[in-house]
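Colleague: Chains as they are written, first to last, in the working numbering: chain C, 1 to 146; chain A, 1 to 88.
Where hints are given, some of them may not hold.
Cut-off 20 Å, straight-line C-alpha distance, at most; resulting in silico cross-link-like pairs (DMTMM-like, lysine to aspartate or glutamate) [to be verified]:
1. C:Lys121 x A:Glu21
2. C:Lys121 x C:Glu64
3. C:Lys113 x C:Glu64
4. C:Lys121 x C:Glu46
5. C:Lys121 x C:Asp99
6. C:Lys121 x A:Glu43
The set of hints was computed from the structure by calculation and includes no laboratory data.
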Amino acid sequence: MSFLTRSPIQLEGLIAEVSGPDRGGVASFLGTVRDHHQGRAVRGLEYTAYEPMAEETCREILLEAAARWPVRVTLCHRLGDLAIGDVAVAVVAAGGHRDEAFAACRYVIEELKRRVPIWKKETYLDGEVQWVGVGSSEERSGTTAP
Amino acid sequence: MITPASAPATIRIRLFASYAERLGAELIEVPAEGIRTVADVLERLRSLPNGTVVGPATLVAVNLRHSPAGTAVRPGDEVAVMPPLAGG
Numbered sequence: 001m002s003f004l005t006r007s008p009i010q011l012e013g014l015i016a017e018v019s020g021p022d023r024g025g026v027a028s029f030l031g032t033v034r035d036h037h038q039g040r041a042v043r044g045l046e047y048t049a050y051e052p053m054a055e056e057t058c059r060e061i062l063l064e065a066a067a068r069w070p071v072r073v074t075l076c077h078r079l080g081d082l083a084i085g086d087v088a089v090a091v092v093a094a095g096g097h098r099d100e101a102f103a104a105c106r107y108v109i110e111e112l113k114r115r116v117p118i119w120k121k122e123t124y125l126d127g128e129v130q131w132v133g134v135g136s137s138e139e140r141s142g143t144t145a146p
Numbered sequence: 001m002i003t004p005a006s007a008p009a010t011i012r013i014r015l016f017a018s019y020a021e022r023l024g025a026e027l028i029e030v031p032a033e034g035i036r037t038v039a040d041v042l043e044r045l046r047s048l049p050n051g052t053v054v055g056p057a058t059l060v061a062v063n064l065r066h067s068p069a070g071t072a073v074r075p076g077d078e079v080a081v082m083p084p085l086a087g088g
């Protein structure tokens, strides 16, 4: 099972994967490409990953969520070139009730951002291209990250 | 039976995103001699041209697992040196 894709993310497929007659609460989160970053107009971006580790880390995070709440949960993260408004990541959690579905969904997206090795490179409307994250600030200033 | 001469022990260092661009490579093999921990790998990288890009917020994974500075590194290990993550 792969959690990374270079094709548009299909939310319905993810919902079908975790839904069931005993799961009355289905929570989903979509992360989409914003048209601005730190005051600059963004044209689009590119995601890259350390793929074997990203796949393994996603699997671990989903197992952790399923161990902690009575849910089935899945995710998908897009790689490659994305345009404004494209879905970059989707998480879907399904449980008996909404509380565990919301909690598991939140856990998975927060841990993904913290642990899964994925990077993004933004292209701005003025044509400049920059890797996003603390690293790019370090590179520019040569000092400790903000 | 002829035994081939053993290759020198090396450590494979994978670089990503801004680090790969600034250091000019996605994969570097360095002699394992003198490298015992993650901290030693970072020190070796920082001594390369443009090595200062490897800043204090750098993350390291040894054999696909996040690993703090004191983690042991052995010949044959794959060490990923990663800028701050930006997924999601």
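Colleague: Could you grab the alpha-carbon distance between Lys121 of chain C and Glu46 of chain C and see if it respects the 20 Å cut-off?
Modeller: Holds - the C-alpha atoms of Glu46 of chain C and Lys121 of chain C are around 5 Å apart, at most 20 Å.
Colleague: Check the hint pairing Lys121 of chain C with Glu43 of chain A against an upper bound of 20 Å on the C-alpha distance.
Modeller: violated (26 Å)
Colleague: Holds or violated: Lys113 of chain C with Glu64 of chain C, Cα cutoff 20 Å?
Modeller: Given pair Lys113 of chain C, Glu64 of chain C holds - Cα atoms ~15 Å apart, limit 20 Å.
Colleague: Has the given pair, Lys121 of chain C with Glu21 of chain A, been kept, meaning a C-alpha gap of at most 20 Å?
Modeller: holds (12 Å)
Colleague: Mind checking the alpha carbons of Lys121 of chain C and Glu64 of chain C for me, to see if they're no more than 20 Å apart?
Modeller: violated (29 Å)
Colleague: Check the hint pairing Lys121 of chain C with Asp99 of chain C against an upper bound of 20 Å on the C-alpha distance.
Modeller: This hinted pair is violated, its Cα atoms lying about 35 Å apart.
Checked against the numbered hints above, the structure breaks hints 2, 5 and 6 and satisfies the rest.
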